[in-house]
Amino acid sequence: DAGVTQSPTHLIKTRGQQVTLRCSPISGHKSVSWYQQVLGQGPQFIFQYYEKEERGRGNFPDRFSARQFPNYSSELNVNALLLGDSALYLCASSLAFGSSYEQYFGPGTRLTVT
Amino acid sequence: DQQVKQNSPSLSVQEGRISILNCDYTNSMFDYFLWYKKYPAEGPTFLISISSIKDKNEDGRFTVFLNKSAKHLSLHIVPSQPGDSAVYFCAASARTGANNLFFGTGTRLTVIP
Chain A
1 DAGVTQSPTH
11 LIKTRGQQVT
21 LRCSPISGHK
31 SVSWYQQVLG
41 QGPQFIFQYY
51 EKEERGRGNF
61 PDRFSARQFP
71 NYSSELNVNA
81 LLLGDSALYL
91 CASSLAFGSS
101 YEQYFGPGTR
111 LTVT
Chain B
1 DQQVKQNSPS
11 LSVQEGRISI
21 LNCDYTNSMF
31 DYFLWYKKYP
41 AEGPTFLISI
51 SSIKDKNEDG
61 RFTVFLNKSA
71 KHLSLHIVPS
81 QPGDSAVYFC
91 AASARTGANN
101 LFFGTGTRLT
111 VIP
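So the protein sequences, as listed, match chains A and B.
Take 1 as the starting number for the first sequence in the working numbering and just add one per residue.
Take 1 as the starting number for the second sequence in the working numbering and just add one per residue.
In short, the hints are calculated from the structure, not lab data.
All residues carry an ideal CB built from backbone N, CA and C; glycine is no exception.
Heads up, a few of these hints could be off.
As the list claims (entries may be wrong) - Partner residues aside, some chain A positions facing chain B, computed with beta carbon under 7 Å:
#, residue
1, 28
2, 41
3, 43
4, 53
5, 56
To be verified - Part of the chain A face toward chain B, derived, beta carbon under 7 Å:
#, residue
6, 48
7, 60
8, 84
9, 87
10, 106
11, 113
Given these sequences and hints, build the entire structure.
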């Protein structure tokens, strides 16, 4: 079975630009979460979606937005990119919403903002 | 505001010996704790978890201990193997509200053959 997949693997953008990152969950998983991992830090929660509805939002500015599609895949959008947005963006999927459901992570998208 | 802390950025252990990785948390609402392992260029991989109603959970070579009064948990790996060399993240969540994970900053474990 395929795990969580993310695209693209790497991305270089310029300050002020916009970026869209994509995530496909494990087949059968209905919940997707997004995390940002800055170098030297642990992953930090951005969003969680379950059944196409936002179920949680971390402490990130409104420049960050996300959505989940009927096939449970998800996109993370970041507008007006700043240098500080350079990070590894991780997507995680789980069967459903709730802490008893393990989250499985994809390999991440490495975003570099210059 | 770091609610989950891993104060040791790195740890080196000889093959066959015990590895002990430590984690502290500050939020009393956390009731579910996990350890993830991360290799370079890969996402974190779930290793083992423990609910706050337990003080120990064991899975093969991996054991997690939880001390709620001290808000402290630890991961024991016995015996350590070179393939265990990776960055280990401690994470916590609360059953109420969104089940987002709060991660520590990670400990890089190196197992020396």
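Evaluation of the provided hints:
no.: 1; hint: 28; in the structure: 17 Å, violated
no.: 2; hint: 41; in the structure: 6 Å, holds
no.: 3; hint: 43; in the structure: 5 Å, holds
no.: 4; hint: 53; in the structure: 12 Å, violated
no.: 5; hint: 56; in the structure: 3 Å, holds
no.: 6; hint: 48; in the structure: 5 Å, holds
no.: 7; hint: 60; in the structure: 12 Å, violated
no.: 8; hint: 84; in the structure: 17 Å, violated
no.: 9; hint: 87; in the structure: 13 Å, violated
no.: 10; hint: 106; in the structure: 5 Å, holds
no.: 11; hint: 113; in the structure: 20 Å, violated
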